[in-house]
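Chemist: The primary structure of each chain is shown beneath.
Number of protein chains: 2
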Amino acid sequence: MNTQFKKGVLDLCVLNQLIREDRYGYELTELISRELEVTAGTLYLILKRIKDDGYVTTYLRESDSGPARKYYHLTEKGRDYLQKQKAEWLEFLEKAGKLLA
Amino acid sequence: MNTQFKKGVLDLCVLNQLIREDRYGYELTELISRELEVTAGTLYLILKRIKDDGYVTTYLRESDSGPARKYYHLTEKGRDYLQKQKAEWLEFLEKAGKLLA
DNA sequence: AATTACTATATTGCAATACATAATAGTATG
DNA sequence: CATACTATTATGTATTGCAATATAGTAATT
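Chains as they are written, first to last, in my numbering: chain S, 1 to 101; chain D, 1001 to 1101.
Hints should not be assumed to be uniformly reliable.
With a straight-line cut-off of 20 angstroms between C-alpha atoms, the simulated SDA-like cross-links for lysine to any residue are [as the list claims (entries may be wrong)]:
hint	chain 1	residue 1	chain 2	residue 2
1	S	7	D	1092
2	S	84	D	1001
3	S	7	S	92
4	S	7	D	1001
5	D	1095	S	19
Just so you know, the hints here were simulated from the structure itself, not pulled from any lab data.
Working from the sequences, and respecting the hints, build out all of it.
Modeler: Right, here's the structure in full:
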């Protein structure tokens, strides 16, 4: 899969998984990679980024099947960002679509 | 406009403009930037890349309104590449779409 | 029981790629 | 001379890929 296509969209995919419920990193890795080829390293970098940007907050919770899980929670700022970026993405698709028609 | 969204798609947009006729760089810059925000520098880098990759050939032709124009011609290899990448792009959109729904 | 191996989970460093920005330069025309 | 047309290149930045590391449980093997 063309690596470049994912640039900028991957973080939206991640944020979008957090709309309804908090999830932990490993879980997100599995979820996303069901559709797109993504390695854990890439995912965790994205998680770090969206946390640094204030789009998510995190908290630890023990697991009964391994190390503690770090859960990610979408903030109001993250929700706003996601909404606006999704709109921009659709707008981009429309314009690019014209050039690719 | 989110800079990252364009990664990997811009060169397809350029190649796609060459399907029916040869075009020169400045012309392509104008064409593409009607839809997407792109500067000449970026466009010329892409043109250099797709030429190095053998997707286009070039030739000079004088203009009656300025310096000579460098025309870009899509090769058979470029046509193949474009077709495959467009298919991959659509496939990517479908998968990303699921994650963004 | 002790050792080993494997799964679940998180993190980090370095390399590669593509776009942005800005500067340069040459030709023709008003 | 100023401006529009045309092409090129250098430097910076952001995002992903790949690979390695680390830790805690669980299962398997000796």
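Chemist: All the hints need checking, so say for each whether the structure fits it.
Modeler: Do the hints match the structure? See the list:
1. For the proposed pair residue 7(S) and residue 1092(D), the alpha carbon gap of about 12 angstroms is at most 20 angstroms, so the pair holds.
2. For the hint pairing residue 84(S) with residue 1001(D), the CA-to-CA distance comes to about 11 angstroms; that is within 20 angstroms, so the pair holds.
3. Using a Cα cut-off of 20 angstroms, the hinted pair residue 7(S) and residue 92(S) holds, with the two alpha carbons roughly 13 angstroms apart.
4. Proposed proximity of residue 7(S) and residue 1001(D) is supported: the alpha carbons are some 13 angstroms apart, at most 20 angstroms.
5. Taken as a hint, the residue 1095(D) and residue 19(S) pair is honoured in the structure, with Cα atoms around 18 angstroms apart against an allowance of 20 angstroms.
Of the numbered hints stated above, none is contradicted by the structure.
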